[in-house]
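Undergrad: Dock chain A with the ligands against the given chain H, drawing on the hints supplied.
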Amino acid sequence: MTEWIDTLVQGVLLGGLYSLFATGLALSFGVMRMINIAHGDFAILAAFAAIAIVEPLGLNPFVVLLVIVPLMGLFGYLLQRGVLNRTLGKDILPPLLVTFGFSIIIQNLLLVTFSADTRSLNVGELGTASIALGGDLAVGVLPLIIMGVAVAVLAGLQWLFSATPLGRAFRAASDDAEAAQLMGIDNRHIYGLAMGIAMAIVAIAGVFLAIRANITPADGPARLLYAFEAVIIGGLGSLWGTLAGGMILGVAQSVGLKADPGWGILAGHLAFLAVLAVRPNGLFARTRDR
Amino acid sequence: MSLLETHKVTAFYGDFQALYGIDMKVEEGETVAIIGSNGAGKSSFLRTLAGLQAAARDSIRFGGEAIGGLPAHRIVGRGLAMVPEGRRLFPSLSVEENLLVGSYSRRAGPWNLQRLYALFPILGERRHNPGTALSGGQQQMVAIGRALMSNPRLLLCDEISLGLAPVVIKDIYAALPGIKAEGTSVLVVEQDVGQAMKVADRLYCFQEGRVSLAGRPAELTREQISSAYFGV
Ligand SMILES: Nc1ncnc2c1ncn2[C@@H]1O[C@H](COP(=O)(O)OP(=O)(O)OP(=O)(O)O)[C@@H](O)[C@H]1O
Ligand SMILES: [Mg+2]
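First to last, the protein sequences are chains H and A. Just so you know, we're using this note's numbering here: the first sequence kicks off at 1 and counts up by one. Just so you know, we're using this note's numbering here: the second sequence kicks off at 1001 and counts up by one.
Pulled out of the complex, with its shape left as it was, chain H reads as follows:
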């Protein structure tokens, strides 16, 4: 019994990491109506960048976030202004193709630079530290930290979107790009900022992934898939939905893994299909006119 509760708790906490991956995807879809196929690869890129800084300098991976996150944010802004904005339009295919291209380029660049070996970020004792909850139950400190960060990120975004002029501009540009321009909103800049924020969050996700697990240059697409599933389960347009989606995915994978070591990933996909069958718009889909 305790074992299963433990599995459940692990799964829920894993949802924190998944939701960090999903949030950036939800953001770029929500504001620009575009899907970034290279989303997972950018996370892995950020993780390898962190590894490249941490290993020679012997830094703490958490400290490196202070560098990587703003750097990826800036990179996201420039990428949107310089490349992705040009692909936006009535046709949804160009952004898909271009970001698919980025996905391949990043994977190969990482392969050339870091080889196909698995790597990770070492946080020392923190990586295995846990808090006893009584009985045989204990929760890892690291998953708790990640969950805390995920909740903080979502709360921050919620505040940004609902209570600031920039958030209103995001929503207005998403509703009607042309009418937004008539309000003095420079859509290209707004899209740049949205992608900057998305990339900053995906950098956090990538670094946390490398702290929790081993990564290889080819891991991006799988990360994209989980993020995508979490977004769809939660419901397009719902920020907190991505957390719920991440948790459902995390629990399904943990339970599946416990039942049979080969079933973890499959159980996640099955949960995704089950939710889609019952609620095709996801659990917390927000109608366009809330």
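Simulated from the structure, these hints should not be mistaken for laboratory data.
Simulated DEER-style distance windows between Cβ atoms: (1) A:1054 to H:90: 15 to 21 Å; (2) A:1129 to H:138: 46 to 52 Å; (3) A:1007 to H:86: 28 to 34 Å.
Using N, Cα and C, we set each Cβ at its ideal position, and we do this for glycine too.
TA: Chain A with the ligands only, in chain H's frame:
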């Protein structure tokens, strides 16, 4: 110097030419109306003024500066705001948020939420509703209020009476004196000729992308107007 002065403004959709050289003026403090039948090019002209359609830099002068072809978001900052055809409210924003987003360009001036709620009291009562959950007339008030929040020197209104009941149209046009009292000039596009004659100091009639008639309502005859409007 006129507030707005255009010289041979053209507009194209691909190969199709919608405007063939529009010359017109709006003086400071004036209310000017553009009338014309469906497809005459009225909306194309306003969209060009607002920066949504390409234009030669010198073809549009506003406050003495050439603004033709500037991006729309820059033009708002110069004091030229548009209430677009079909209102175009933001569905995921509340009434109040729709109004607030209008002040995004942060131009200084007389308009703020309190003043707007005084002008359109119903909007104050409905401030937390989604903008698109209001009646057509109320939505039009939001669209006008949203444009006013940018404190424009010139307000462009594209068919603000379209699809509304006569009493509602009266309510909306009743706000015009309050807007003009703040020193805002107004350029309205109207299919309702009677309405246009009532509110306008001067009037232009468009026909197939050209100005077919211009003058003060009192000086124009019914025959002149109907021939300019219908081209017969
Ligand atoms: N997006 C577009 N693509 C192609 N042609 C267009 C487009 N918008 C307008 N047109 C054409 O340009 C011409 C002028 O249209 P416009 O909308 O400016 O007329 P209007 O005077 O505003 O008409 P209405 O009173 O019906 O609103 C019309 O022939 C119309 O078919
Ligand atoms: Mg029109």
